[in-house]
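Going down the list, the sequences are from chains A and B. The numbering of the first sequence is our numbering, which starts it at 1 and goes up by one. The numbering of the second sequence is our numbering, which starts it at 1 and goes up by one.
Derived from the structure by calculation, the hints contain no laboratory data. Since the model is a prediction, treat every value here as computed from it, not as a measurement. Think of the CB as a built atom: it goes at the ideal place given N, C-alpha and C, for glycine as much as any other residue. Some hints here could point you the wrong way.
Stated by the list, open to error - Now the stretches of chain B that chain A is said to cover, found in silico as 3 or more residues with beta-carbon under 8 Å:
1) 94-107
2) 290-296
3) 547-555
4) 681-695
As the list claims (entries may be wrong) - Which chain A residues stay away from chain B? Per the calculated CB distances, all over 10 Å, these:
5) G56
6) T161
7) G234
8) G269
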Amino acid sequence: MSESTGRRRRRHRAAERGASIGLTVLASFSGGRAGAQDVGREGLSIAREVDRRTGGYEDYEARLTMVLVSRDGKERVREMEVSALASGNGERTLLIFQSPRDLAGTALLSHSQVGASDDQWLYLPSMKRVKRIAAAKQSGSFMGSEFAYEDISSQEVGNFTYHYEGESRIGDTEVYVVERFPVDESSGYSRQRVYVDRSDYLPLRIEYFDTRGEHLKTLTLTEYEQRGPYWRAGSMTMENHQTEAVTRLEWSDFRFDVGLNERRFTADGLGRRGR
Amino acid sequence: MRPSRGKIFVWLLRHRYAVLALNVLLIVVAGYGASRVPTDYTMEQFFPGWGPERERFDRYKLTFPKEDTRITLFWEDSRPPGLDVYRGLEQVAGIFEAAGLRDVRWLGSVEVAESADVGGESVLDVHPLVGSSVATDESIRKALGRHRDDALLRGYLWNGDQSAFAVHGTLPPKVMADDAARREVEEHLESEIDGLRGDGRTLVLNGIPIIRARVPKLLDQDQRRLVTAGLAVFLVVLFLFFRHLGQVVLCLVSVVPAYLCTVSLIGLAGRPVTVMTGFIPIIVLVVGGSDVVHLLSRYRRRRAVSRNAEAIVRSFAEMSGPCFYTSLTTGIGFASLAGTRIQLLTDFGVFTATSIFLTYLFSMTLLPVLLSFYRRREFNDRALGARWIFSTVEAAAGLASRRPRGVLALFAGTAVVAVLFSSTVRVDSHLVDDLNERSRLLRDLRWIEDVGFSVFQVNIHMRQDGETPLHHPASLAWMEEFQRFVRDDPLVVGTAALPDLFRPLRRATLDGRLSQSSLPESLEEASQLLFLAEMQEGGLVTDLYRQAEGEAQIVIVVRDAGSSLMLPFLAGVDRYLASRPPPFGTAVSTGTTKLIQNYTAQVLRNFLPSLAIAIVLILGVMTWMFGSIRQGLLALVPNFFPLLVLLAVMGVAGFPLKPATILVFSIAFGLAVDDTIHVLGRFRDLTRGGADPEKALPRAVRDTGPAILMTSVIVSAGFALLMLSRFEVMYMVGLMTMVSAVTAVIVDLFVFPTLIGTTRTWMTVRAPRPDGREVETHERIDWQAPETA
Chain A
1 MSESTGRRRR RHRAAERGAS IGLTVLASFS GGRAGAQDVG REGLSIAREV
51 DRRTGGYEDY EARLTMVLVS RDGKERVREM EVSALASGNG ERTLLIFQSP
101 RDLAGTALLS HSQVGASDDQ WLYLPSMKRV KRIAAAKQSG SFMGSEFAYE
151 DISSQEVGNF TYHYEGESRI GDTEVYVVER FPVDESSGYS RQRVYVDRSD
201 YLPLRIEYFD TRGEHLKTLT LTEYEQRGPY WRAGSMTMEN HQTEAVTRLE
251 WSDFRFDVGL NERRFTADGL GRRGR
Chain B
1 MRPSRGKIFV WLLRHRYAVL ALNVLLIVVA GYGASRVPTD YTMEQFFPGW
51 GPERERFDRY KLTFPKEDTR ITLFWEDSRP PGLDVYRGLE QVAGIFEAAG
101 LRDVRWLGSV EVAESADVGG ESVLDVHPLV GSSVATDESI RKALGRHRDD
151 ALLRGYLWNG DQSAFAVHGT LPPKVMADDA ARREVEEHLE SEIDGLRGDG
201 RTLVLNGIPI IRARVPKLLD QDQRRLVTAG LAVFLVVLFL FFRHLGQVVL
251 CLVSVVPAYL CTVSLIGLAG RPVTVMTGFI PIIVLVVGGS DVVHLLSRYR
301 RRRAVSRNAE AIVRSFAEMS GPCFYTSLTT GIGFASLAGT RIQLLTDFGV
351 FTATSIFLTY LFSMTLLPVL LSFYRRREFN DRALGARWIF STVEAAAGLA
401 SRRPRGVLAL FAGTAVVAVL FSSTVRVDSH LVDDLNERSR LLRDLRWIED
451 VGFSVFQVNI HMRQDGETPL HHPASLAWME EFQRFVRDDP LVVGTAALPD
501 LFRPLRRATL DGRLSQSSLP ESLEEASQLL FLAEMQEGGL VTDLYRQAEG
551 EAQIVIVVRD AGSSLMLPFL AGVDRYLASR PPPFGTAVST GTTKLIQNYT
601 AQVLRNFLPS LAIAIVLILG VMTWMFGSIR QGLLALVPNF FPLLVLLAVM
651 GVAGFPLKPA TILVFSIAFG LAVDDTIHVL GRFRDLTRGG ADPEKALPRA
701 VRDTGPAILM TSVIVSAGFA LLMLSRFEVM YMVGLMTMVS AVTAVIVDLF
751 VFPTLIGTTR TWMTVRAPRP DGREVETHER IDWQAPETA
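In isolation and in its complexed conformation, chain A is listed as follows (with noise of 0.2 Å):
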């Protein structure tokens, strides 16, 4: 999930920009690696590829069924409204759970911003209580399910280095193989490998290795449908290889660009809700 604003755009491509040129600077300054100079661009150009598929939008709505699967197969179902609206240097985004009765009210306002952790407020239906949550660790579990926050934040081009690992398949489709390093150093990840649909250049797989190189998780990406000029994955699944647990997302009923109101995202609009 990535999206800009006019002025995230711009910030973006100065982030991109300065990854570029702090390869170029890089490579004038190594001299005869201009291999790895070009894998690093080649990547970056990918990844490029990729965000301008799938960001741009203004604002957006959809449905949402968090599966968490245990170990042992036994389900827990959620079922979410989301909706996210692009603002300032960052992105808002509701989350208000329908299902199951006992959280059916509950809701999650995070204000995401470039630079800088997320702000979070959850209102608790049941003591009508509106709580902001001081900085929730980016490497955290995301609603007690396998993905981090980091997984679902926003995939900002400049938040990683690129590293062209070459082509592979998965089935029947070619892709193109990318590492990507996150920057900062908070991160859960030592790595990530991404596998991007060579024709669409739509992310299909990503796999996450944790801080000592190991392999700790598979994010697979599929029911991709186009609404407008937007890509979105209707399937998402994280499969977590040290606990065995997974998590399915599942997406329906996008609608972009419906012109979402900004008090909506606040905590004073969380609260009246619960009025």
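Please arrange chain B on chain A, whose structure you already have, making use of the hints.
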């Protein structure tokens, strides 16, 4: 001697080359098979292999596997808790992570949810208890002060007065399943942590995986040491008696192939060689070798007056019966262990019995063939005729002739005293048992409990059985009530359950205006707070509750206070759960601690029935052997005496009755009966051959006495070495077997013949018919009347 038996040995000698070749082939095949059998020295095999307790435990482990995979570093520091201690713990956490441990938890990694004021706004601050970037002496002390009595953290991350801290990590499943990998991790961690030790700091690495790695390692070391030493002692003592190297080697010839075949059978049965079956060589060497000593002793005497072939046939034919029965009774003693549900003990009992029978078979086939190649006629029997042996045997034979009533009176009186002392024996067994108190492992465990932690838990496993989830307020109230119930017990170090998770969360969410014990008031509130708990990293929610599976647990951390206190505590917990079940779902007690204690209770419960079964079976064997139930009973009476003496020694010395020591009783009874069979068997052979019973009795004592004394010395010497073990159980097995062997000799040489002679009894005597067929005749033997041939 039965003619039929003689023919068997004649046939063997006539086909000695073929028999030898067949045995060699069998040994080669068995040796190859034995070399391919894996070893498994893990402690999991001490657990009951089946039954409802094991099923409950396995079911619990599917959802909550961490209890047994947790490794903990306990850190006690004389400095006040501050930045220095924090950085030390941080280093340990880094060592754990670098070693591949998961879920590393310490005071710098767990997150808490607290109400905080940020810019005038009340915020739910979800943050690390003490983050590394903000750690200072003051921030650490403040955080520790605020959470000092947090039920989930006290007893888990720090002790009651916060003078000691803990860093926890869990082993990955692949490492946990691999004994060698587990030991490697343990050794690596120990060497890394060694560098952090210093003045004023005590660092102890422990946990169930550590115990499981170290105990088998120690057992393995002891086994190699003691089995090798036992073999050496056995051979030396044999040589001192026989003064003939070849015959000493012959004793091994029967035992070694039997052991190889047994190990091959272990492999064929799909079982590994374990810490218990690894002791079979020394047991079979000592027990099986005793029969070979009797055989060779008889052969040497025959050889002095006849040709080699005749000496072999006659001595083996005479001894084959008694040796068969001694093997049978000893085998029954070991096989009775198969009645436990502990796979380890079942394997040990069954395969040791098998090995003893195989030793008999090889003694009866290979040994006579090898002896047939002997040219020597005379042997140096000076050692066998040593003054002490001669004096002892003559004294016993004299008693058998005179039959003074004083002997029986002394025997009865001693038995009564033994019964009185044996009543003082107590039953007790610890979770990590059998190591002596000097052992580092035990010292560490005692230290851990002294500073306020423990590595042992009892787990209450709760399962949802309807639509209502286990975090319903009524279930939470039930859990809290149960925690209050168990906390009063002095065995309990602390408890952890879902209510301990909810209280601080609810307090933080409602701005700290609520009392400590406030729980959610509705299911919706509990569900929503649970959602909040899931957002905490390093949180303990999944350690206590798996919502998708509908399972929860209450953790009761306990001290290892011994079975005398633990079993009543567990029984009390089970009574509570039965009389006050949770409002929704089910709750049962389980966990490694419970499983071990159940194993203890089960072995103790089965002790008397197992011993009774062994006694009945042996009585059956003796009745069959002697053809008279009265003779069978008569033969059993003196063999209870060593068991009474054993119990009396334990009572006086303060040795507790526990699973390991109980094993010895079955073994000791089987050993004691062997001597009785030889004495009574020889007496019957002599009287059946027409000898005057009055003269046959002392002669039977003289004929069998030297070999009985010799085998008792060998048994005592061989088992005495076990007293050098680090394991109390091995020490006690050695000591108790020695006591048993010495007592058995005294009873069988000095008391039993007197008992036979004094008792008026009907004997069933088989006398040979002229046509060679045997018939039964009934003849009353009146010891006061002139003898009837």
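So, going through the hints one by one against the coordinates:
Counting residues of the segment 94-107 of chain B whose beta carbon lies closer than 8 Å to any beta carbon of chain A gives 4, which meets the minimum of three for the stated coverage. For a cut-off of 8 Å, the count of residues in the segment 290-296 of chain B with a CB near a CB of chain A stands at 0, and the three-residue condition is violated. Counting residues of the segment 547-555 of chain B whose C-beta lies closer than 8 Å to any C-beta of chain A gives 4; at least three are required, and the coverage claim holds. With 0 residues having a beta carbon nearer than 8 Å to a beta carbon of chain A, the segment 681-695 of chain B misses the requirement of three or more and the stated coverage is violated.
At roughly 30 Å from the closest C-beta of chain B, the C-beta of A:G56 stays outside 10 Å, upholding its exclusion from the interface. Annotated as non-interface, A:T161 keeps its C-beta farther than 10 Å from every C-beta of chain B; the closest such distance is 24 Å. Look at A:G234: its CB is around 23 Å from the nearest CB on chain B, clear of 10 Å, so calling it non-interface holds up. With a least CB separation of 16 Å from chain B, A:G269 remains clear of the 10 Å interface cut-off, as annotated.
Checked against the numbered hints listed earlier, the structure breaks hints 2, 4; every other hint is satisfied.
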